[in-house]
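Q: Respectively, the protein sequence lines represent chains A and B. For the first sequence, full-length UniProt numbering assigns the number 326 to the last residue and increments by one with no breaks. For the second sequence, full-length UniProt numbering assigns the number 326 to the last residue and increments by one with no breaks.
Check before you lean on any hint, since a few could be wrong.
If several chains are the same, the list does not tell them apart, and a pair holds so long as it fits within one copy or across any two.
Only pairs whose alpha carbons sit at most 30 Å apart, straight line, appear in this in silico DSSO-like list of lysine-lysine [claimed, not checked]:
(1) 24 / 215
(2) 266 / 124
(3) 258 / 190
(4) 124 / 153
(5) 190 / 215
(6) 24 / 230
(7) 198 / 124
(8) 266 / 198
(9) 277 / 124
(10) 198 / 230
(11) 20 / 230
(12) 258 / 215
(13) 230 / 266
(14) 230 / 215
(15) 258 / 124
(16) 60 / 124
(17) 190 / 153
(18) 281 / 20
These aren't lab readings, by the way, just hints derived from the structure by calculation.
Protein chains: 2
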Amino acid sequence: MKAVAVESVKACSVNPIDVKVRAKVYDDFPDYYNYVPGDDYQILGYDGAGVVEAVGDDVKDFKSGDEVYYAGSPIRHGSNAELQLVDSLSIARKPTNLSFVQTACLPLTWITAYEALVERMQVKVGEQAAVLIINGAGGVGSVASQIARHVLKLPVVITTTSRQETTDFSKQMGATHTVNHREIPAQIVKLDLAVPLKYIFLTHSTANYLPVATKVCAPFGKICSIVQTKDFPQYGTEMMAKSITFVWELLGTKPWYKTDVESHGKMLEELRQLVEKGVVKCHHTQTFPLTAKGLRDAHEMVESGGSIGKNGLSVDDPAAHGQAFA
Amino acid sequence: MKAVAVESVKACSVNPIDVKVRAKVYDDFPDYYNYVPGDDYQILGYDGAGVVEAVGDDVKDFKSGDEVYYAGSPIRHGSNAELQLVDSLSIARKPTNLSFVQTACLPLTWITAYEALVERMQVKVGEQAAVLIINGAGGVGSVASQIARHVLKLPVVITTTSRQETTDFSKQMGATHTVNHREIPAQIVKLDLAVPLKYIFLTHSTANYLPVATKVCAPFGKICSIVQTKDFPQYGTEMMAKSITFVWELLGTKPWYKTDVESHGKMLEELRQLVEKGVVKCHHTQTFPLTAKGLRDAHEMVESGGSIGKNGLSVDDPAAHGQAFA
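One chain only, chain A, in its complex shape (with noise of 0.2 Å):
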């Protein structure tokens, strides 16, 4: 059996899927969410970071006290746990040169914006193309930045920001641009790009940001998103006349129709080696304690549309470990 107890959690993080799966947000959601086979209940939390505590007589690549990281499943138990099972073949060793709830901040955004960016859209590395990323300081947002600039290494990488605040940390996350979420196909234009923007990366409101996408959006261009939506406006949008391609991410969908689950694991490791080198920053801004209080305390920061970066919860005290940027 597959599997891989992890002792004692360390850390894990809180991401806007967190507080959807709590509320029951979505009114139509794939049944997965919340959903463990067997059981009537379902621990929340899906980034987690700890120590391997045991694995199963199949697991070649792990044993017990490794330190490791992951995205967590939909079909199994939660990271907001003192123990947890998860499959081996999607973890991954945590980097060396980060907390254990730095890292926890990181799997389930790496995962989703990796495969948005690398898998959905398939851009390509070293592509002479311009990417926008919607809401640039926002968790996928600024790990999706940094994967467009650092690892396919995108000229141009455009993210909508709103104020000095996050349009500073969008910078230091890989934004070579920025542009006001209100006035993006005006400041596009401005911008007078020598590439195309072939590639649109929506991680806010769907609604609201695809028919602006299209009117931005090159010809035979696409557009990801990893927000649901009741339905697509067609009319009065250029997708169609523009032969533009849409794509959902949802990084479920390959634990729920058990499909290349291995890639996860793979995933986290090449990061693991980006952010040794130095190449990938944590986006880890804050730090709660991982506790009942500390976990209603996250879900509100989340809830409130006001976090930059990630938000971790820690085992440890929250004090020592400080915040990845300044």
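Put chain B on the given structure of chain A with help from the hints.
A: This is chain B only, laid out in the frame that chain A set:
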């Protein structure tokens, strides 16, 4: 100036797009349909076949007297005329083993289906995957089936049909399996396919078929449509759950945005060779006279929805052409 004048259009065909442009069916279609820069009217007609009368100074590939065919362009006047000006990059020599009217039935459907399968969904030659084509006996559906089976060599090409006549025709056109359009999920489950159903091509009623397409589509599959719809329902579909790609195919995108127009000429040249080798069959089924009355009759036939394959119009005596498929 890269243009070539065609002396006396010898034949044309009527496609659903001709009917929609004439009847202004599209409530909110791209401005460029029915739009010839500088003129306040547009001569109807896309597909055409005829003889070159004269060429522009820059044109090297064609000369007066050449027999050619083409899909036309939304920003030029159409083929329902005696003389027509076309872009030399978008034309090719007529297959020697087809009549003008048979030839004129091919280009718009072929380019649309080719762009949909090869460029938009990026199906690979010999891929171990299945494709589902909605409306297998239609103009685009019947060439798409041939591209999928004989050019891309997919092992499984499923089409939807409704009656014995359309089922027989679709099988002649490359379908390896047919299913009734009202019983798609159940009949596809029964096929017990050995390869994943990764590609779905909607050539009819996007609004009706999108939800059922998401049910039968494999995770990470792709759905392409050529039929405009006001909006896409997302709730109640499995588009997000399966991280499905949706992409529009519109032949007019290249000529309107002046992008890669020469690909249309190249596709038709490849098609000429495939037709002459007998790999691809013409889907022409019926001939009308190329007169005002003949055009009205052909438009009525297409509007009725009962067409099989393609209806062509010829300046010669229709009785002399017979049917490509008896």
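Q: None of the hints should be skipped; say for each whether it holds.
A: Outcome of the hint check:
no., hint, in the structure
1, 24 / 215, "between (33 Å within a copy, 23 Å between copies)"
2, 266 / 124, "both (18 Å within a copy, 25 Å between copies)"
3, 258 / 190, "between (45 Å within a copy, 22 Å between copies)"
4, 124 / 153, "both (9 Å within a copy, 27 Å between copies)"
5, 190 / 215, "within (14 Å within a copy, 43 Å between copies)"
6, 24 / 230, "both (15 Å within a copy, 29 Å between copies)"
7, 198 / 124, "both (11 Å within a copy, 22 Å between copies)"
8, 266 / 198, "both (27 Å within a copy, 24 Å between copies)"
9, 277 / 124, "within (22 Å within a copy, 37 Å between copies)"
10, 198 / 230, "both (25 Å within a copy, 24 Å between copies)"
11, 20 / 230, "both (15 Å within a copy, 29 Å between copies)"
12, 258 / 215, "between (37 Å within a copy, 17 Å between copies)"
13, 230 / 266, "neither (33 Å within a copy, 41 Å between copies)"
14, 230 / 215, "both (21 Å within a copy, 17 Å between copies)"
15, 258 / 124, "both (26 Å within a copy, 24 Å between copies)"
16, 60 / 124, "neither (33 Å within a copy, 36 Å between copies)"
17, 190 / 153, "within (23 Å within a copy, 47 Å between copies)"
18, 281 / 20, "within (27 Å within a copy, 53 Å between copies)"
Violation of the numbered hints given earlier is confined to hints 13 and 16; the remaining hints are satisfied by the structure.
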